[in-house]
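There are 2 protein chains.
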Amino acid sequence: MLLAHGGGGEETSTLIREVFQKHFSNDALNALEDAAVLPWSADRIAFTTDSFTVDPPFFRGGDIGKLAVAGTVNDLCVMGAKPRFLSAGFIIEEGFHVKALESIVRSMAQEASLSALTVATGDTKVMPRGDLKGIVINTAGVGELVCDGLSASAVAPGDTIIVSGTVGDHGACILASREGIDFQLDLESDCASLWPLVANVLDAGARVHAMRDPTRGGLAALLNEWARQSGVEIEVAEEAVPVHDAVRGACELLGIEPTHLASEGRLVLAVHAADAEAALEALQSQSAGAGSCIIGTVLASGRPRVVLRSPYNTRRIMDPPSGEILPRIC
Amino acid sequence: MLLAHGGGGEETSTLIREVFQKHFSNDALNALEDAAVLPWSADRIAFTTDSFTVDPPFFRGGDIGKLAVAGTVNDLCVMGAKPRFLSAGFIIEEGFHVKALESIVRSMAQEASLSALTVATGDTKVMPRGDLKGIVINTAGVGELVCDGLSASAVAPGDTIIVSGTVGDHGACILASREGIDFQLDLESDCASLWPLVANVLDAGARVHAMRDPTRGGLAALLNEWARQSGVEIEVAEEAVPVHDAVRGACELLGIEPTHLASEGRLVLAVHAADAEAALEALQSQSAGAGSCIIGTVLASGRPRVVLRSPYNTRRIMDPPSGEILPRIC
Chain A
1 MLLAHGGGGE
11 ETSTLIREVF
21 QKHFSNDALN
31 ALEDAAVLPW
41 SADRIAFTTD
51 SFTVDPPFFR
61 GGDIGKLAVA
71 GTVNDLCVMG
81 AKPRFLSAGF
91 IIEEGFHVKA
101 LESIVRSMAQ
111 EASLSALTVA
121 TGDTKVMPRG
131 DLKGIVINTA
141 GVGELVCDGL
151 SASAVAPGDT
161 IIVSGTVGDH
171 GACILASREG
181 IDFQLDLESD
191 CASLWPLVAN
201 VLDAGARVHA
211 MRDPTRGGLA
221 ALLNEWARQS
231 GVEIEVAEEA
241 VPVHDAVRGA
251 CELLGIEPTH
261 LASEGRLVLA
271 VHAADAEAAL
281 EALQSQSAGA
291 GSCIIGTVLA
301 SGRPRVVLRS
311 PYNTRRIMDP
321 PSGEILPRIC
Chain B
1 MLLAHGGGGE
11 ETSTLIREVF
21 QKHFSNDALN
31 ALEDAAVLPW
41 SADRIAFTTD
51 SFTVDPPFFR
61 GGDIGKLAVA
71 GTVNDLCVMG
81 AKPRFLSAGF
91 IIEEGFHVKA
101 LESIVRSMAQ
111 EASLSALTVA
121 TGDTKVMPRG
131 DLKGIVINTA
141 GVGELVCDGL
151 SASAVAPGDT
161 IIVSGTVGDH
171 GACILASREG
181 IDFQLDLESD
191 CASLWPLVAN
201 VLDAGARVHA
211 MRDPTRGGLA
221 ALLNEWARQS
231 GVEIEVAEEA
241 VPVHDAVRGA
251 CELLGIEPTH
261 LASEGRLVLA
271 VHAADAEAAL
281 EALQSQSAGA
291 GSCIIGTVLA
301 SGRPRVVLRS
311 PYNTRRIMDP
321 PSGEILPRIC
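For the protein sequence lines, the chains are A and B, in the order given. Numbering-wise (the numbering used here), the first sequence opens with residue 1 and increments by one. Numbering-wise (the numbering used here), the second sequence opens with residue 1 and increments by one.
Calculated directly from the structure, the hints in this document are not laboratory data. This one's a predicted model, so the numbers in the text were calculated from it and none came from an experiment. Incorrect hints may have been included.
As the list claims (entries may be wrong) - A few chain B residues that don't get close to chain A, going by computed Cβ distances all over 10 Å:
| no. | residue |
| --- | --- |
| 1 | 130 |
| 2 | 200 |
| 3 | 203 |
| 4 | 207 |
| 5 | 285 |
| 6 | 287 |
What the hints assert, rightly or not - Only pairs whose alpha carbons sit at most 27 Å apart, straight line, appear in this in silico DSSO-like list of lysine-lysine:
| no. | chain 1 | residue 1 | chain 2 | residue 2 |
| --- | --- | --- | --- | --- |
| 7 | B | 22 | B | 133 |
| 8 | A | 22 | A | 133 |
| 9 | A | 22 | A | 99 |
| 10 | B | 133 | A | 99 |
| 11 | A | 99 | A | 133 |
| 12 | B | 99 | B | 22 |
| 13 | B | 22 | A | 133 |
| 14 | B | 133 | B | 99 |
| 15 | A | 133 | B | 99 |
Just so it is clear, CB atoms sit at the ideal spot from N, CA and C, and this is done for glycine as well.
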């Protein structure tokens, strides 16, 4: 990349045509106006944004492009919104290879297609060497709310807590590649778009009270947020939390908790107990949710906190992580 | 800023509460869910994004926060869309002062209020020292299309070209502060939200064919894009293009064209000739458009290009700028 690629002139036009339009092509984007006019009207609109700084930008199981689409798709769908349109803002270091950028853009297009999502508008800035290391991608997304009332404040006593698969795979994968740990097993980032899984659960009619993907801060941060915002005590069965052997190994080596590590393609749900089996079935019917299981319950009474129950029936507090375990993990 | 402020844990929550909610407070944002549910339904939706990397982040006439709001507001309103909701993604260098961030956020809130705009959702990442210098802000915006058909492809033979004030003030201001040039005159960035001005022109019923703010690449890039996309020849009267004396001086010193420098609060319009006076009147009735004037016309026939006519009636091509005049100018 040259600085000129972000200058708004001829070089920017070439980049737009040969990289972005090549992979994202759609009427809204191709108009190349200052704003895209969406072929869409909606009564209930959800809106979200996230910036992705992951380093390295290419990792086992994905790259920053896949992550940037999946991350924003997931923020929409955990609120019960069907993802519809995405914006993409690229901030790139001078000298970054155009081929690497194209590979990232190709990933984005592929990931977007999984949710029938249109990348409608974008922007590129190139920063001088020394001002930015690598690439940062911001995505904002708009979606149509199809399910009302999902909220971190809506978790209710008696709810069942379900997770759609192993936790911490993404975090462990990035951590390992940064620390130079070579996994014997094929540990990959779990990075994935959750819309197909979410749509299945909603279609099954299960009374879901809250959904969330455990990104920064991991499962521990997520459950603590639910406990605080809903004013409930959540009890998690320690041995029920699915953790990949390789992730457990890396965590022991590095002295960190798997429940503090980010997942980028897992769904955590608080579901009315009577509908827990139906939700579980809907999740498990897709390969992305094959590893779904119940990990805990919301107690009938208690203090706003998360408690981990060991196989020996002892109970300890599951604190949210404090500080930054590792920068640029997502 | 600490890395932990971007970690998604307790420190991030504190930052959200004490800086972002303090200034942006609104129901959609305050819910603090993964996506905001907008109190809005619309039939025709415009969507845009832009990242802002301006360095220095504080400059005469504004800061990166004001710019990040105005820039996205302007991208929406030049398409005939009333700006409604904004997302804000902050990417910040570790060690950046929280007070400086708060000052930027306060600017954003003030600028948003000028267009009755709601900052509905946001995200913060903190990057280690050495990975990012300073601060980058991405904003994406959604708006309601209130005027159809505005397009860089809709400029028609006979149209009158109008600009709402002096060109290049923002670019010259940033350039001067980076090169250490001290202006005798009070040159400021023109950074401003154009919605009030645009609303006035549309309300006046003038048949506007295209509008654009001349950001990266300046007036020259904008007019060349119109000429190419609409397949028309645009003739500009050289002496009619308003340029601040201080900008002209700086350009002569640095050997660059004022028409290549970015403005961040000017409007360029292609208007049906019969409505040019009405549009001009609507613009001049507001202080932000007091300096509006006619700078050229679209020829009845000709090649897709921009021609500059001198006071001596000689004609020369006005080329778009090539390359990057200065990185991190917006």
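Cross-check of the supplied hints:
For residue 130/B, the non-interface assignment is contradicted: its Cβ lies about 7 Å from the closest Cβ of chain A, within the 10 Å cut-off. Non-interface call for residue 200/B relative to chain A: holds, since the shortest CB-CB distance, roughly 19 Å, exceeds 10 Å. Under the 10 Å C-beta cut-off, the non-interface status given to residue 203/B relative to chain A holds; the minimum distance is some 20 Å. In this structure residue 207/B is separated from chain A by more than 10 Å, as the shortest Cβ-Cβ distance comes to about 18 Å.
The claim that residue 285/B is not at the interface with chain A holds, since no C-beta of that chain comes within 10 Å of its own (minimum 24 Å). With a closest Cβ-Cβ approach of about 24 Å to chain A, residue 287/B is found to remain outside the 10 Å limit, as its non-interface label requires. Simply put, residue 22/B and residue 133/B have alpha-carbon atoms about 26 Å apart, close enough for the 27 Å limit, and the pair holds. Note on residue 22/A and residue 133/A: the hinted pairing holds, with a Cα-Cα distance of about 26 Å set against a maximum of 27 Å.
Between residue 22/A and residue 99/A, the direct Cα distance comes to roughly 13 Å. Compliance with the 27 Å bound is thereby established for this hinted pair. Between residue 133/B and residue 99/A the alpha-carbon distance is near 25 Å, which keeps this suggested pair within the 27 Å criterion. With a CA separation close to 17 Å, the supplied pair residue 99/A and residue 133/A stays within the 27 Å bound. In summary, the hint linking residue 99/B to residue 22/B is supported, as the alpha carbons are separated by about 13 Å, within the 27 Å threshold.
Proximity of residue 22/B to residue 133/A is assessed by CA-CA distance (about 32 Å); at most 27 Å being required, the pair is judged violated. Distance check on the hinted pair: residue 133/B and residue 99/B sit about 17 Å apart at the alpha-carbon level, within 27 Å; holds. For the given pair, residue 133/A sits about 25 Å from residue 99/B by alpha-carbon distance, which is consistent with the 27 Å threshold.
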